[in-house]
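Number of protein chains: 2
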Amino acid sequence: MVIDCHGHYTTAPKELQVFRDAQIAGLKDSSIPAPDLVNVSDDQLRESVQPQLKFQSDRGTDVTIFSPRASAMAHHIGDARTSLDWSRQCNDLIHRVCELYPQNFVGVCQLPQTPSDPLANCISELERCVNSYGFIGCNLNPDPSGGKWTAPPLIDRYWYPFYEKLVELDVPAMVHVSASCNPNFHATGAHYINADTTAFMQFLTADLFKDFPTLRMIIPHGGGAVPYHWGRYRGLAQDMKRPLLADLIRHNVFFDTCVYHQAGVDLLLKIIPADNILFGSEMVGAVRGIDPESGHYYDDTKRYIDAAAISDRDRQKILEGNARWVYPRINDRIPMPTAEGTLR
Amino acid sequence: MVIDCHGHYTTAPKELQVFRDAQIAGLKDSSIPAPDLVNVSDDQLRESVQPQLKFQSDRGTDVTIFSPRASAMAHHIGDARTSLDWSRQCNDLIHRVCELYPQNFVGVCQLPQTPSDPLANCISELERCVNSYGFIGCNLNPDPSGGKWTAPPLIDRYWYPFYEKLVELDVPAMVHVSASCNPNFHATGAHYINADTTAFMQFLTADLFKDFPTLRMIIPHGGGAVPYHWGRYRGLAQDMKRPLLADLIRHNVFFDTCVYHQAGVDLLLKIIPADNILFGSEMVGAVRGIDPESGHYYDDTKRYIDAAAISDRDRQKILEGNARWVYPRINDRIPMPTAEGTLR
Chain W
1 MVIDCHGHYT TAPKELQVFR DAQIAGLKDS SIPAPDLVNV SDDQLRESVQ
51 PQLKFQSDRG TDVTIFSPRA SAMAHHIGDA RTSLDWSRQC NDLIHRVCEL
101 YPQNFVGVCQ LPQTPSDPLA NCISELERCV NSYGFIGCNL NPDPSGGKWT
151 APPLIDRYWY PFYEKLVELD VPAMVHVSAS CNPNFHATGA HYINADTTAF
201 MQFLTADLFK DFPTLRMIIP HGGGAVPYHW GRYRGLAQDM KRPLLADLIR
251 HNVFFDTCVY HQAGVDLLLK IIPADNILFG SEMVGAVRGI DPESGHYYDD
301 TKRYIDAAAI SDRDRQKILE GNARWVYPRI NDRIPMPTAE GTLR
Chain Y
1 MVIDCHGHYT TAPKELQVFR DAQIAGLKDS SIPAPDLVNV SDDQLRESVQ
51 PQLKFQSDRG TDVTIFSPRA SAMAHHIGDA RTSLDWSRQC NDLIHRVCEL
101 YPQNFVGVCQ LPQTPSDPLA NCISELERCV NSYGFIGCNL NPDPSGGKWT
151 APPLIDRYWY PFYEKLVELD VPAMVHVSAS CNPNFHATGA HYINADTTAF
201 MQFLTADLFK DFPTLRMIIP HGGGAVPYHW GRYRGLAQDM KRPLLADLIR
251 HNVFFDTCVY HQAGVDLLLK IIPADNILFG SEMVGAVRGI DPESGHYYDD
301 TKRYIDAAAI SDRDRQKILE GNARWVYPRI NDRIPMPTAE GTLR
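Residue numbers (the working numbering), protein chains in the order written: chain W, 1 to 344; chain Y, 1 to 344.
Just to be clear, a hint being listed does not mean it is correct.
Intra- or inter-copy, both count: the list cannot distinguish identical chains.
For lysine-lysine, the following DSS-like pairs were computed, each having C-alpha atoms within a straight-line distance of at most 27 Å [claimed, not checked]: (1) Lys302 - Lys241; (2) Lys270 - Lys302; (3) Lys241 - Lys270; (4) Lys241 - Lys54; (5) Lys270 - Lys14; (6) Lys14 - Lys28; (7) Lys28 - Lys165; (8) Lys270 - Lys28; (9) Lys14 - Lys241.
No lab work stands behind these hints: they were computed from the structure.
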């Protein structure tokens, strides 16, 4: 079985964006009434995820850990109420898709973050999604300001109440920023990758995982720049008298495989321990074209894993076993087909 | 001959920092008099660069393209006057070192940037350093705010008057940020790498190099995350109907080899055209330790180039020829030992 840990609902029915547009219009003009809840039929939802289902089928993946469109989270827009209303609409649609296709999608929630706000709403929305909807994780935005980077770093105690809830519920967080409102940062080409690199370096400098030994963070997009600069990070950790990186990340930090060429994936697999890599594609996502050099979609990352010179055991961990370990609640929704599924 | 395009004067005599400390103290308390100019002897300067000379000798490199300590530029401190006074002191010391060891060091200047200020001071300081001191390039900070990223992107017309001067003088700029005053960004572990990635994506989205066909930019630290995510960038360029990346960077964008492990350097050399790679070490710089896995300094990057499976011709370009092409004024200071030095 192949579990894709990184899929976004980028193909939601247009009614979702109509809701959002009305919500944003209301922020500018208080005479505009609050939008109605998103009203879409099950048939519309089924129709909307046909691209994902086709990609799963074409590429030989089975289950997608599925979350709202990351670039649309836009936590910098409006206030705490705006973010909560918007997150609930997005998460409700994810839940409905997961109910319609319980073998194909398992939910991960958007969090109602707001710059400078405490995380109480995030805690309650996480509980709602995990306890009522059976979601298995969340996307945590380290920069809810959208490219101004005004929040405290992820190692700051500001985040600790939320981490306590993650640990209590035994669900991980993927560190994932949203749209950039800073013209310096292209969203998918700079802001996303920078955030991944930034988060890793924050984790390197502090004892967060001593405070939370079972907290698990997935750094998407192949860990940003980190595997390519692994020597720099090993050297910085050494200069700072920090633990060996392999020890530091062992039970707590994981990279997905959203790297869109063979040489990049080969580097990732060579440098990062197999236990710390989760298969992901980010589909339908950041890059939509076909690579003329390979003749295949850039984001068909399973091809790169299939072609890599790794052991069958490592391949099984990366494609399935590690996801079951990092997101243990998936095992309630997608039973293991074989005992090997537990390998890690 | 081996030319290291990326060396910083991180070992300057303490008198330089005394000047800076007094300057910063004066910003907080106007009763403190302006500091005296940095007064150091030639012997002090000679003594201070012994570590660089020893590394050159031990590692088999010949010439270092030498600039003030990047993390100390700190353009966010004080105003335009502060930045100008500080830059001149730093550049004057670089000039003196280059005069003392004309076979070992060639100068690149710090620019007196200030957030939100026009670039007139930068233009005049660049002219002073190139015309009076024989410097061959500069370090351009895309984020003079020090981690707040408030400046316009590098493709904005804000920067164009400065680019006109670069073209007129036929000198390149290395895109290099300084210290971070944003607690999210560790300077050498996140801010530097993020800036490299950010600058590349800015270049990808605009026609800057159509406006300035001879403008040359070096993106340090192996291009940030870019080679590792080359498939993502090729795919984004394709989705955005931009030129092929190899064409986009050909005469204008160059990556150094400041990547501190063999697998990372191997990826760089495999993915990026040899014409667009310049040997660099960042010494004495970001990472100072010895890698227990190799038994050698992390930043002894020449070892990785020596061990890489590339042709002799490509190796010669990377170690010398490309630097002579990108920084043509170096040829006036360091004559080519052989005709092969011009190969590119």
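Flag every earlier hint the structure violates by its number, smallest first.
5, 7 and 8
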